[in-house]
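Listed in order, the protein sequences are those of chains A and B.
According to my numbering, the stretch in the first sequence is residues 8 to 541, in order.
According to my numbering, the stretch in the second sequence is residues 8 to 541, in order.
Hints should not be assumed to be uniformly reliable.
No distinction is drawn between identical chains; accordingly, a pair holds when it is met within one copy or between any pair of copies.
[What the hints assert, rightly or not] Under the rule of at most 20 Å between Cα atoms (straight-line distance), these lysine-lysine pairs were calculated in the PhoX-like manner:
(1) Lys155 <-> Lys388
(2) Lys361 <-> Lys240
(3) Lys361 <-> Lys322
(4) Lys204 <-> Lys220
(5) Lys501 <-> Lys358
Source of the hints: derived by calculation from the structure; they are not laboratory data.
This structure is a prediction, so every number in the text was calculated from the model and none was measured.
2 protein chains.
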Amino acid sequence: METTKTAKEMSRRQFLTTVGKLGGGAAVFSVMGTLGLLSPETLKAADFVPPDMNELSMSKRGGKKIIILGAGIAGLTAAYELGQAGYDCTILEARARSGGRIWSVRRGTTVAEIGASKQVARFDDGLYLNAGPMRIPQFHVTMEYIRKFGIPIEPFNNVNDHAYYYNEDVGELSGQKIRKREAKADVRGYVSELMAKAVSQQALDLPLTAEEKEKLVAYLRTEGGLDADLFYKGTSRGGYKDEPGARLDAGVVRDPFSMKAIINSGFGNYLSSEYGYDQQMMMFHPVGGIDAIPNAFEKRLKGKIQYHAEVVEIKQSDSGVTVFFKHLGTGETRKIEGEYCICTIPLPVLKSIKADFSPGMKQAIDSIGYASAGKIGLQFKRRFWEEDEQIYGGNTLTNMDISSIYYPPTGYMQKKGVLLGYYAFGANADKLGAMTFREREAHAVNQGAKIHPQYHKEFEASFSVDWKRIKYNLGGWVSYSGDQRQTVYPTLCKPDRRVYLAGEHISYITAWMAGGIESARAVVTDIHQRVMKE
Amino acid sequence: METTKTAKEMSRRQFLTTVGKLGGGAAVFSVMGTLGLLSPETLKAADFVPPDMNELSMSKRGGKKIIILGAGIAGLTAAYELGQAGYDCTILEARARSGGRIWSVRRGTTVAEIGASKQVARFDDGLYLNAGPMRIPQFHVTMEYIRKFGIPIEPFNNVNDHAYYYNEDVGELSGQKIRKREAKADVRGYVSELMAKAVSQQALDLPLTAEEKEKLVAYLRTEGGLDADLFYKGTSRGGYKDEPGARLDAGVVRDPFSMKAIINSGFGNYLSSEYGYDQQMMMFHPVGGIDAIPNAFEKRLKGKIQYHAEVVEIKQSDSGVTVFFKHLGTGETRKIEGEYCICTIPLPVLKSIKADFSPGMKQAIDSIGYASAGKIGLQFKRRFWEEDEQIYGGNTLTNMDISSIYYPPTGYMQKKGVLLGYYAFGANADKLGAMTFREREAHAVNQGAKIHPQYHKEFEASFSVDWKRIKYNLGGWVSYSGDQRQTVYPTLCKPDRRVYLAGEHISYITAWMAGGIESARAVVTDIHQRVMKE
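Next comes chain A alone, as it looks inside the complex:
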């Protein structure tokens, strides 16, 4: 390939080589970023330099016992990274499993929500519900561990124009299931038409040259699928009422909804749900269940996780931390001592644990609210969404309580499937959460059946989770309100003597695994630097 290299490239590579000789790999990495060869996301990930085993004598590291509270993604990351550098870590985990909210519900999984009877998952073998996180943006740090651990992944179908919008009480289109492409084509069509005409008729005072206005109109024509006279009259983008086929079967494009109908439907407001930075395609998930991620960490942390250990008190001295925990098997209270403690326990749980935190930290912990979030998995005898409606993954959005239906982004064309019958937040989640398991199931099936009448015939089993009612979590994810990020949050981010908080709540990537990982890495770096200084 020497012959195809440009002079510019040559000099850039020579430059990098020179930098490498002077400053090592990290320097090359940094320069590559400056030259635009690496994205901000890559550079972000590179911010973290794992503690180097060679930086400390073995005696110094070996002498440092780190107690980690919680085997969620933050605790696992901290134990893994510190362990790689030779630190002696122990994770205390109340449950019999690692992962925390990263939880794949499978046949036999049980849960007793607070104040409710035990629920047992009756899904067929191989089928599962990812009750917590279920998708990973391709640029999140989470992908680094997937790569490092060789976890098989597949796309998570977060966008599917063949799925539906379905709204009630929205005028003409109430109670109609509309393929997303129909609403998208019509909304973009009408708005582009209005705009294109306004621009071309000089109705708007725009800071653009005539040539730029022409370009803007040309864009609006492509964006809206407008005809030569800038009218939107429907296009195949919205689908057909009669599909095209062989020979003379040219197909018949569907008739667009009226502009009034589409505006009143509210469907347009759903479009931007796909625009969010962390919702844009492509997204991924582990093959076979999201728990492949904690499982991969667990495999590398053999003997370092104490399960069934419910933390009851955190006590600090000038030289260390003592954590008391109840062993849920024997019922006895035990204690463990260490130099430092990393506490990843969600704040609504932590606030009820006895701890000698400073008053400022205590108050900060007490003040933070968590988001409501609930999911239900519905197993069906038949993947009718694929067989009858050609919907392979993606989600249907609705203004009913169930909010959304997610079609399984895996196991295509298999016989059965577990569909996410609702993924609800806020008030909808609270309403559904207040129901019994049976009531939630009935509600999910009845509302879902308005979109998919096949529900009634094909439904087999459900499992629902209301995160506010799940012991050891008590919420979906942190939800800072008002000016809390400026007032109490900074206190949470600082160590309280020898205790460091970590988890998605100690990040600006809340509700994502990446937030837990990034916050754990920050704590790992801090503890290591502190130990090195000692």
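Start from chain A and add chain B according to the hints.
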């Protein structure tokens, strides 16, 4: 579930059951469609009723020999469906493989384009280039055979906001690679801002009530990511210049480009490339290569495909068809006789084959043009697009000759990968096609390296295809011009005595496997009905 069934549902089901008793499964299917339980796509697929083996006596069917010309998807479908009904089919195929344009180029694959020397694929084992079709809309009939034959599939990442737009000679943003999300956020932001202000300031004469105008403005606010005063000032949808992270690292949202810059860039015109009916997510492809589709047919057509058989003449009589073909192994000319012939040979090839077609058919065949299309697969030592730039599948679009770069939608996080270095049509395809293999490779690498400087260091091997120069194809897909669909096309759709044409060119789903399948099914139905009438 009896308790959760609504009265409405009950009566619907009772109705269906009654219909089923009266009219059988097909009647239920048709009624389900009328009730909106099935999509137009499903109903379309159901249009085809495969010939029933029991409709004809064995002697009648066995006596009907069908000669099929070409083992592409149309020929394979026809042979499979007719074979299921007991017809005696033979496919003549000039190549040593089935599939036609459905072609996965792997290590050792060779091709000699017309007027060029032989090209040998040097890809590593397991890596491949899908030189022809590479993706399947989830609602295409192709999915039926994938389901029937149990072909493993995975998503084809047709949309990826983390990939780039890159244009030259477009003003301020010339020669900059822009994440798609940046352009999308800015285009939608500015246009929504202009529109929202025009609506709210009553600058436009709209046939909407005040309440509807409010809804329109609310939509524009969400669509554009506008602030409370309807200004677009950039949002996280477009990404960050400094990613958010742990603790106090809130991140810094990127600065939007200026409205003028983004309008002049032409990036806005790329957005609608994702809106096309057959380009919308989700799309799929077989795991391990698109040739899994013809291979699955081939397995079910053992002994029915005569390879190395180059058709040299088609001759009809009142009672049958005789096809003469040159066996490319022995060089001898052989003949085969049958009652009917299904000819799937692409028209630019067919027009040079001696045939006693009617003058109208001959003229029609001669008159049709085919599209130019070319691809190059580039194998790289390292999947730098994933490692350095977090791009997992999807495509980058550019106004350079290469037109697009497609990142492999498979094998994520493996060491190496074959990336589609260009997929070009029309004039760009012609320009690239006119080059030697080496020149194409150099051009693809040099232009691609403007977007991915890593190209120069990581490139290993290429394989390129220009479909106009591929023997037995001589074009990408049919391209009817002007009023040809009204004038000559109907002639192609009718049998010429005992010869029926099939292929994507005999459909309104041109350039897609589904077009070949649908057209084959139409011919199968016609021949079967004709035989039954005899």
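A quick look at each hint next to the structure:
1. With identical chains, the CA atoms of Lys155 and Lys388 are at most 20 Å apart between copies only, with a shortest distance of 18 Å across copies and 37 Å within one.
2. For the identical chains of this complex, Lys361 and Lys240 are neighbours neither inside a copy (66 Å) nor across copies (46 Å), given an alpha-carbon limit of 20 Å.
3. Taking the shortest Cα distances, Lys361 and Lys322 sit within 20 Å of each other inside one copy (8 Å), while across copies they are farther apart (94 Å).
4. For the identical chains of this complex, Lys204 and Lys220 are neighbours both inside a copy (11 Å) and across copies (17 Å), given an alpha-carbon limit of 20 Å.
5. Proximity of Lys501 and Lys358 under a CA criterion of 20 Å is satisfied intra-copy only: 17 Å inside one chain copy versus 78 Å between copies.
Comparing the model with each earlier hint shows a violation of hint 2 alone; every other hint is respected.
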